[in-house]
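Enquirer: So the chains spell out like this:
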Amino acid sequence: MLSAENMSIGYGAGKQIFSGINFSAVAGDMIGLLGVNGIGKSTLLRTIAGLQPRTGGNMQLNNLDIHAIPAAERAKHISIVLTERLAIDNITVRDLIALGRTPYTGWLGKLNDTDWQEIENVIRVMKIEKLQARLFNQLSDGEKQKAVIARALCQQTPLMILDEPTAFLDFRNKREILDILKSISTDLQKTIIFSTHDIEACLQYCNKFWIMTETGTFRQIKRTENYRAEVMEALSITV
Amino acid sequence: MSKQMQHTGLSRSALRAGNLSMASDKLYPAFYRAGKPLFGTLGLLLLIIISLLLPCCQQRSTKPTTQKACSKTSSLPVKYAKGFSVDYYHGFKVITIQDLKDTAKTLAQYVLLPANKPAPVGFENAELITTPVHKAVCVSTTTIGEMALLNLLDSVAGVTDVALIYNPQVAQKLKSRQIADIGRQEVNYEKLVELHPAFVFTSGGYDGGDKLQIKLNSLHIQSVLDLEYKEQNPLGRAEWIKFIAAFYNRETLADSLFDTISTRYQQLKALAASAKQQPAVFCNLPFKEIWYMPCGENYIAQLIADAGGNFLWKDEAATNGLNLNLDYEAVYNKAAQADYWINTGFAASLKDIQASDKKNALFKAYKTGNVYSNNKRNTTGGGFDFWESGTVRPDEILADLIAVFHPELLKDHALYYYQKLK
Amino acid sequence: MTTGRNTLLFIALSILTLIAFVAQLLLGSVQIPFGQVVAVLTGHHIQNETWSNIILQSRLPGALAALFAGAGLSVSGLQMQTLFRNPVAGPFVLGISSGASFGVAVFILAASAFGLAPQTHIISGWGIIMAASSGAVAIFLVIFVLSFRLSDVVAILIIGLMIGGGINAVIEIMQSFSSNEALKNYVLWSFGSFRYVDISQIFYLVAIVTIGCVFSFYLSKPLNLLLLGDTYASSSGLNIRPAKIMIVLCTSILAGSITAFCGPIGFVGLAVPHIARSLFKTADHKILTPACIVLGACICCLCNVLASSPGSDYILPVNAITSLTGAPVVIWVILKQKKV
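Residue numbers (our numbering), protein chains in the order written: chain A, 1 to 239; chain B, 1001 to 1422; chain C, 2001 to 2340.
Treat the hints as calculated values from the structure; they're not laboratory data. Don't take every hint at face value.
In silico DSSO-like cross-links for lysine-lysine, where the CA-CA straight-line distance does not exceed 27 angstroms [to be verified]: (1) A:Lys144 - C:Lys2184; (2) A:Lys144 - C:Lys2281; (3) A:Lys110 - A:Lys127; (4) C:Lys2281 - B:Lys1334; (5) B:Lys1314 - C:Lys2184.
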């Protein structure tokens, strides 16, 4: 259960870039974050993920203040997939995914049976059985994205945050990723928040829409009747 | 002071008589008391004096078509040194520096003649030095040792590396500004030029001598090579006082001084040869695992041999100049049971030697306390009198070494350059 | 699963290391019959006391020094390469080696350079170690303080390099004013040497490197996470700042102490992690750390054997050997990789 009340985000006291953010999310939600370039979508996602502090207001995840708990604790609640490209030589897909288990492993990082089980599950869910033994940096873009999402999934967190997960992917890969994300949110009852520029895809898959409008207001729109028009209107798009 | 007098048997008045270089304090009084140079030398030198008074072929013939080359009237007798020769002509003197291995090869040549005389025919490649020679600059402490023995310190215009110079008279003269300090590692060329020296004694390529020479050429300052350090024969090296003397017309003095030195040396050498056994000797301190050891030909090796010691590497030819780059292990293997360890650099005590490397304490010479260093007469700045006055007093060094290796042969000798480390 | 293959590799490398270690004891500029060496090592008393001393007082400490220095430098290099995401980073990229060199330069050259005396003291073995350690610690503190204020590792890297460069310049100035004697001694120190570490010192070196290596095992997990980059590492639960500080501390302890005892040993820290990655085909520090330890130890032992040029009375500088063997190996590794 994620909620925010009058939250503002930015970089330090003087540099607030967006305020008045109110939202709520529950397990099973697939939330699309929309807004024009530079409005602060990435900043919002990073703030929700706890990677940077909020500049004002409140935010709670399962009754915890994300910004007040240590990183190790936070890692059990939130996992992320970013636009950053990973460049690691010599790492197999399987080993990369295994890194997702770190919040649960001991000081040496050794994996036990539960960990391996979870890794196997994730590989199945992401449908990347054929890729697991291959070297990560030899995969195609779509395959890489799947691997990275798999790693985040392996972290077994109730909340997953993805920053533009379908950018740079071709149509088929896009659909595949979104299908997988949808099934994760529904079948595994996770909350998934992702930002995107593909409004159509968003409208198709998500059950909640968070829009950072150009006028500086934050709107949360649920998938009720007429949601399409509302979303378009919030984005100032005339159909 | 009193210890010095005990040491040398000098009277207080003799010391106060002044101008006695401490380095030759044992030698000078002996000469001045003895007084007479040897007859053979006297005769020769009379000849030199006469030939200098005669008119000579140094003037180019007034007829441009005929030019008479000069003919030598005599040469300075040099017995052991191979690196120089002094030849006398009518009215001028030629001092030649030659290659030690091939004495026909000339490295430098200097013609000494009065200012108003023209250059002689046949010596176009030589450098002209006008007589009388005034003051010279010395950049090497060995040159200072030579000048001091010849009582020529008043002819020293400037020196470098003051901290390395042992001779206290030089220190006095520096204080009273009779001698100028012209720099440490780098020569202060402006000061040098101001001195207007007759020439600078350089060591030619060793210790940056080359660079110095090039600079001196560009400043039109005469340089004179003083290569005594290349002679490995201890007497040959000391004989270079004759070379220095030739510039200042003190050949007579040099000759008699050297005679005394070489006679004493030969006597000591014969004494050492009478010893029944030669103790095993090794030298130098290693740094980390590299041990520079003199080769068989090296000056130090010859001194050890003449002192009746068995230098463990006496049969080895050199690879690196006149030294061998040895591995610590190899040295230890050979010298572990050697009797004497000499020339241990700056070590002031046995503790120092062990501090440098714990393994040094494993040598028998260390365990029996038979470690002798040649740093007894050192300046606070790290200058060794062993290399300064020692260069011209190999007899004293030999006496020291014999006293170390065969104490029964020289019971009353007090060590001069060497000290036993405790 | 490649764990079977990795296990075999480990065993093979360990055996090779053992052989290299023993080779250092058997070979040297002095020829000692193998039987005698074995006798001395197994505690028997042999006739030739000189040989016994050579083996126990010179070769054995040297062999241990090579073993531990190789291990420590390689681990340190691995950590630096991961921390800075830079394949050409080595243990000295933080300027630790420059700091140690500065300490030793002051100890050996300063008196001469500042006109106090060309050289008037004996260079004490422990003196060098203390001087080098002080220099390394000083630089480490600078980097340490900086890493509190700067979270960007690239900035720390650049500052480390600049400090290193500045120090080297000062050392050069001191060198230009020093006497030949002092200069020669400083240069000899900079050649690096395993066999100069003597019996009284080896205990400390072994202890410090062991502590450093054990410490580095703890750092496997943070290092693995740092491979993903700061953001992913943080979101996976890693406390970035303390982790980096620990890594800098560990490397500094290893690189600093090894340089203090053995002089600057180049190339090992840079090349061995690459060889390890290529051989074990993994980026997992749980495997790479012990791999580097074993490989590094092995390679340094071999270099030490070569440096003592067995059979001749002369020796070669260890640094030259490590560079000459290291450089072609790294080139070969990279070419092999790029072909795939």
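Enquirer: If a hint holds in the structure, say so; if it does not, say that too.
Expert: Tested hints:
no.	hint	verdict
1	A:Lys144 - C:Lys2184	violated, 56 angstroms
2	A:Lys144 - C:Lys2281	holds, 19 angstroms
3	A:Lys110 - A:Lys127	holds, 25 angstroms
4	C:Lys2281 - B:Lys1334	violated, 49 angstroms
5	B:Lys1314 - C:Lys2184	holds, 25 angstroms
In summary, the numbered hints that this structure violates are 1 and 4.
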